Every structure is written in structure tokens, then in C-alpha cells.
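> The chain contents come next:
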Amino acid sequence: MTNFLSLADVTDLNALIQSGLDAKANPFADQQLGKNKTIGLIFFNSSLRTRLSTQKAAQNLGMNVMIMNVGQDSWGLEMEEGVLMNGDKAEHVREAAAVIGRYCDVIGIRAFAELKDRDKDYQEQVMHQFARYAGTVRRPVPIVNLESATRHPLQSLADCITIEESKAKLSLARPKVVLTWLPHFKPLPQAVANSFCEWMNARAASGDVEFVVTHPEGYELAPEFVGNAKVIYNQDEAFAGADYIYGKNWSSYTQYGQVLTQDPSWAVTMDHMNLTNNGKFMHCLPVRRNLKVADNVLDSPQSLVIEQAANREWSAQAVLKEILQNLA
Amino acid sequence: MTNFLSLADVTDLNALIQSGLDAKANPFADQQLGKNKTIGLIFFNSSLRTRLSTQKAAQNLGMNVMIMNVGQDSWGLEMEEGVLMNGDKAEHVREAAAVIGRYCDVIGIRAFAELKDRDKDYQEQVMHQFARYAGTVRRPVPIVNLESATRHPLQSLADCITIEESKAKLSLARPKVVLTWLPHFKPLPQAVANSFCEWMNARAASGDVEFVVTHPEGYELAPEFVGNAKVIYNQDEAFAGADYIYGKNWSSYTQYGQVLTQDPSWAVTMDHMNLTNNGKFMHCLPVRRNLKVADNVLDSPQSLVIEQAANREWSAQAVLKEILQNLA
Amino acid sequence: MTNFLSLADVTDLNALIQSGLDAKANPFADQQLGKNKTIGLIFFNSSLRTRLSTQKAAQNLGMNVMIMNVGQDSWGLEMEEGVLMNGDKAEHVREAAAVIGRYCDVIGIRAFAELKDRDKDYQEQVMHQFARYAGTVRRPVPIVNLESATRHPLQSLADCITIEESKAKLSLARPKVVLTWLPHFKPLPQAVANSFCEWMNARAASGDVEFVVTHPEGYELAPEFVGNAKVIYNQDEAFAGADYIYGKNWSSYTQYGQVLTQDPSWAVTMDHMNLTNNGKFMHCLPVRRNLKVADNVLDSPQSLVIEQAANREWSAQAVLKEILQNLA
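Chains as they are written, first to last, in the UniProt record's numbering: chain A, 1 to 328; chain B, 1 to 328; chain C, 1 to 328.
No wet-lab data here; the hints were simulated from the structure. Remember, predicted model here, so these are calculated numbers, not experimental data. Keep in mind that the hints are not guaranteed to be accurate.
Stretch-level coverage of chain A by chain C, calculated; a stretch enters the list once three of its residues show a Cβ under 8 angstroms from a Cβ in chain C [unchecked claim]:
(1) 17-26
(2) 32-40
(3) 91-104
Where a beta carbon is used, it is the ideal one built from N, C-alpha and C, also for glycine.
The shape of chain A in the complex, shown without the other chains (with noise of 0.2 angstroms):
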């Protein structure tokens, strides 16, 4: 792995949910693999999980850690071509990336969705312009993609260790895992979904899982991301024998950045929970309380939505870990 950027920069998934399952049960035995290696982390939205977490990961494999919020630490960059840079924006992504690629062995990037203009985001310029600038040729400097406009691969990556350690448990053989769109009232990016469905997809083809999508009309992904992942409207219908509930709101794709409908009724509650197979419930976090998921679904034993983000830590190690190994 030199990127980590994408499920596409993976080689071997399975190898990587049992490398974060092995760095759960045992943290420090990489230790001596991130001596004197230093990952930047660089915010370019705010972050509690994937900031805590991948600091965490980084310093259990004794690397040493460096983060800094662009725009608040720093100013405004640039990642446009060409252009006269008499604006806001300081500095340019090629000077930025290039220089922080030489103080840095690896580099985090969090950069969400503007929710303005859908080519811009799906372009995911910001990863692209950092993983072309910050290395070289000769001295590579991997990025690891802390979410982008449209993915979030380490918290997909934890959801993959997280349905695996509860389907062991459960002695599941082939779960059905439904992704479920939740009411709010603010336009939310799609990365956690894309990237939600991208993975899953790749554990449906390979008999891991049975996945469905479930969402109101209007709230369909790109299909790049949906892949042939069985989409049904009707929440109820979709819920019916499920093992895993994965909620979580999304903007329109296709009136891109748009809030079509709040209806309350696809929140989860414990009437929800009750057409499925004794699912359980997962979330990424944050989720705002009763406005998305009820209450007593949350406190429930149902929910796995803390060991999900426990679970961010082995993953994040798990990428590193591969990435470290990779470096000269």
C-alpha cells in the first residue's frame, strides 16, 4: 500500500481487518516500526474520531505525530491551476504538500465536500492535489485520506472489523447488512455512505455479506458507489431480517447538496429494530440523539456504535502499519 486513499489502494481486505484484529489484541507489538517516522495530520474540518484515533494508532506504532488545522494553525490553500492567487487562499497545494511532504514520512488529510458544485467534490481534488505534490519520484510520501469529499475509507475499513468481530460472535455466516439513510435538517456529504457501500459491496461479492440500501427517492448514490448493491425504498421492507442496521444521513446526490425531505419516520427507533433478525446497530458518529436514532436504540445492547469507533484505532493502525512497511 503506498496510498491509502480508496478500497482501490487495498490489496488483500481480508488481511487488513485481521491486521487491525491482531493490533486490537495486542497495540504495542509494532512499536519499533514507526521509530523515528513522523505522520502530519492535516484538518481541514473539524474531527474528534479520525483525529484521536489515527493520533492514537500513529503513537502505537511509535511514530511521532504532527497536526495541524489548515485555515485556523495556517491559512487558506489554494488547488486550482494556473490561476492569478489574488484571493484568500496564501498559499498553494503545490508548495504546501511539497513542504509538508519533506517534514513528514506520511501525511493525513481531512478535506469534506463543499455540497456546491458535485464534479468539484468527485473530483476529490483536494486528496489528488496533495498525493501528486507531497512526494517524489525517488522519496514517495504515502497520504492517508482522514475523509474526503467522498469517502471514508478508515471509518469503512472499521465497520468491516466491527460487522467481522460481532459476526464471529454471533456465528453468522452471511449477514444482511442494510445501509439506512437517516433524517436531518442540514445537508450532510455522502463520503461516509460511498464508502460504506464500496466496501460492503466488496464483502457481498466476495459471501461475506448480503447488502441493501435504503433510502426515500431522491437520496440515491452515485452509482459508482451503489454498484450492485439491491436498493429498496421501502425502510420496512429493507429492515425485514436484517442482522446489521447501518444509519446514516446523506444529502441528494442527485440535486447534489439539496435536503429533500426530513420525514421523521426513517429515523431508527426500537420499532424499527424490531422487524430485523435482532439486528444490530451501528453509526459512525457524531449522530445527533432522537433527531436520527431514538434513544433507547443507542443505549440498547444493540447498538455497536462505540465499539465502531473504538474499533477507528485498528484501523487507522492497520493502514499505517501496512504503509510503514512499505517505506524504504
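Knowing the structure of chain A, use the given hints to seat chains B and C on it.
Same frame as chain A, now just chains B and C:
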């Protein structure tokens, strides 16, 4: 010691003070104790001394430190139970605390009083919610108070250490310690004053000091903090024969959060200090010079304010050492 | 070296440059030197390169690093003596510096010019107040300038290292170095230009370079910085035969803090570079592309800007190494 929220969490105050003095004499003696242990420092409010001294103390003990400014690095947290989260708080403390607790072995929290609703402030909701949700029965995650709505125990412990050191140098058996209110134009929390009362009352009960509080009428502190301390409304009378003058402003507790007077005659000048028994001046800092205390007091050899702040490192180290020793 | 505030603190410039090159060749050779030593990096202003490179250099030397953004992590600091502190500054530098000095073995400070009051800026109040109050005679706490109102010596040292490296590669005995003003719409400090003059004048005095400054009329730098450098108002004439072009914008010193012209003909293009002796282009970054320098200059093999920024790590490491060696 599991949590360190207030004096009630201290089992042996003399031993804790001595542990701070030992750390000061030999800062790196326990560097193996914190190996592969991580403290998360979570700031709802600004900080200089607490931020740096706690980080330093943790590093002296060999710990890793992760720092997060809530609402700046991440987003606002909902503290109330059972609410529909459709406002500006994106995450509930139930999730945030539990997740941070999974990444950290110890959590420090700073969250000031809002000074709007006395009952709410005095319930210490933020500390208690973190203490409730950060860990589990099987894996408790100690919470360290980095200044809460009503207390600042790391400051009070540093104050005890400072007085202990100074007493020994000056060969004072049972010095007279006076907490005096100081004028200020802004409404400040009662936390430092409350906490100082709590800890000095304990020192008075064991015969280590005599403790007196002086302030204008209307600035009476909460009864549970004043305890048996002698309250004198005449500042000159209170200062007579004092060995230690501890200055602090606070807003009214009875007319909650209000500035009732800014009477400049309560500011500590050399004239005031001359009423004492060649007394030392203490203040937790930051201090507004010439508004609360005259330059020539702060710059005189009678001032202990820098030593007091320096002792914050050792109070934090004593607390963290005991917490680490109690971790499995 | 005790403090590193300006060139005046350097006893042997050649040795310091060599120390930087040695660190670059062998970054972790002195990792025992900084063990259990802590540097505090205090930012009154934003930073990217300085923040990351100084942190990295300190970690290479085995130091612990604590970072604080004044006015964001903490509150504003009063720098004036004897004032009644009834404004927006909650703490005086006398206390802040002394306290930070008790937690840190070395302190780095970044504080830009305000460009309102020339005398005030040129007195370098922030640096001098920290240098005055951070330590004591018995325990001095070295102050490192991370860019002050009138100087940026870590940048200048990196510039010297960069020229030295490049000179050796190009077998240049005494290259012609030209500092040129560049256009910008915002008033920027003179710090980088001042400092570059100060250090290049020293290099010129020892016969290592020939140094020329070029800028529009009205942009004359302070006499104490320009020194004996040759000033040419015609940019083309100055560029003729140059080996190194060092670009930088600054606001007027004589009409203090004003933007007198934004003449785009002063921006460096390939046409300008073609006047030189196949010269290299340097800039401290951040640089606004196509406003100050054309894309094709920055992206050409003639550009040294990334190497220059990379050398910030080694200039910081050379300085910190010497400071650590001088600590008791």
C-alpha cells in the same frame, strides 16, 4: 484514586502534597509508569498553565498526550439527557465520552461555569457526565478536573504544595492564610475560590493552617465550600497578622454571576501587605496587574505567584502518578 | 548560544551552516541531547513551515514539544509595563513568560509586526519581554525567534544553508545574490527581507557572496538592515548576471506599513530569470503564484523554494542543538 474531581477523591492529602514535592525534586523518577498510557486533555475553555503543566507532567511520567479543543478542533457537545438534538450541538456526551474513553487511559476536562444558571453550574454536569460515560465497570477511565464549573482542584493542590514549601522555609508552624476577594469588571466563576476554601478547610482541620476569608458583602461563597472558615468583611482586619494572602476575584454566588461592586480599595497594594506578618502574596494567575494587584506587590520578593504556577506541574504529576498506579 | 533572536546571537556562522548540513545528512545523531527537554512553541500568528519544521527538528533531537496558539488556546498577553490592565488582555507577559519558562527548557515565539507603529515594531517588544522574563539568572530559558516583527533568522539560516548547498553543486565561488521586492496587494512585514539582508551582508563580508537589493523607490529597508548592500532601483539591471534571485514582498518602511505600488512588472517571470546567469529562484513561502512569481518560474528546475523550505528543518535543528549543548 480513580477520578480526581475534588478533594473528596483524595485519600491522603499529606501524602499527595509530599508526592508533588518528590516529583519536583526528581521529575523523571517514574518515567516507566506512564509508558504506553495516553491522556486526553479536552478543553471547553482557554487555558495556559493547565494546558502546559498537565501536558508536561504527563510527559514527565512517560505518557502520550492528545489535546482537543472542543468546538474548535471538533464540535459542541450536548450534555442533557433525552433531548431531541436539533440545535447546534452535533454530538452527545454519551458518545463523545465513551469514544474518547476508548482511545485514552485517562481524560482531563476543562469546562467553566456559564454563570447563567446556578443550579446547573453547581451540578457539575460536564464532569459528571464524562465520569459517568467515559469508562465502563470493567475498564474505568479516570477523569481529571482541569477546572470545572465550581472547582479547580489541581490549582488547590499546587497551592497546598506552595504553602507547604514556603512554611518549611519560613519555619511557620500554623500560618494564617487569608483568601481575599479582588475587584474585576467581568463576572468570573467562583471555582478557584471555592476549591481553595475546600482544601484550606481540610488543612485547617488537620491543624496545618488557620484560614480566613474576606470579601465585600454579597460575595459570600456557597456554604458547602466556606464551611467553618472565619469570614471577615473588613479586609484590613482580615489581613492583620496574615502569613499568606491569596487574592482572587469571583462574581456573586447569592446574586448569581453578578458583579456587585468593583471597589478598587479591595485591590491588593503594598499598603495592604504592610498590615500582614511580612506575608506572602499568592494568586492562581492570570492576574490583571494594577486592577486586582499592584505591580510592586507582584514584583516583590513577597510574591509567590510564579512558584505557585510552577507547582502546577508537580500537583498534576502527583495526581497522575497516583491515577496511573491504580490503573490495572 | 543562549537566545536565538538574530544574527548577533550567532558566534560562528560557518559552523552553524555546517551543523545544519550535518543534521540533514544524519537527522537522528543527536537524539540523546534533547531527552527530557521540552520546547514550548508559542504562536501569536499563523504558521505552516515554522510550526512543522521546528517541531520536527526538536523531535529529531529527542525533545518533547508543547504548542500553544495565543488568543486561541489561551488569551491575549499585555506587553507594556506599568499599565492598568482593564482592557482585553487578561495576562501580562511578566507572568506568562515566567510561567512558560518554568515548564519549558527552551521557548520559541512567533509574533509578527502590527505595521501600525514603526518604533513599536522595531523595538521587538514581544521577543525582548519574553527574553527578559522567561528565565532567571540561575536558570536562563533560551528564546528562539520563530519570526518576529523585524526578523526571521531561522529562515535566513535556512537560506544560507540552501545557497551553500547549491553553490557547492554549481561550483560557484562567490555568487551574486539579489533580493528583489515583489508586488502584493496586502501590506506585509519587512521581517524576512530585513533578516535576509542582515545574514547576506555577513556572508558578503566574509567573501562568500556578492549581495544586491532591488526594489521600487519608497521601499527602502531600514538602514541597520540594508547595511552596505548595493541598492539598485532598476530590477533588470540588478538581475543581470545574478546567480540567486530571492523574491519577497514587503510594505514600505519609510511610509510605514503602506502599499505604495502593486506594479505587476516587478513580479518574477521567466523573462526576468533569463536576464540572470542561469540563476536560481528562492522565496521563503507562502508565495501567491502569478501575483508575485509566475508558475513557470516556480515549477522550473531553477526554483529552490521547496529545498529552501525543507532546509528549515535543518536550520532549526542546528540552532536547537547548539542551545541544548549550552544548557547546563
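> Quick one: which hint numbers does this structure break? Sort them smallest to largest.
1
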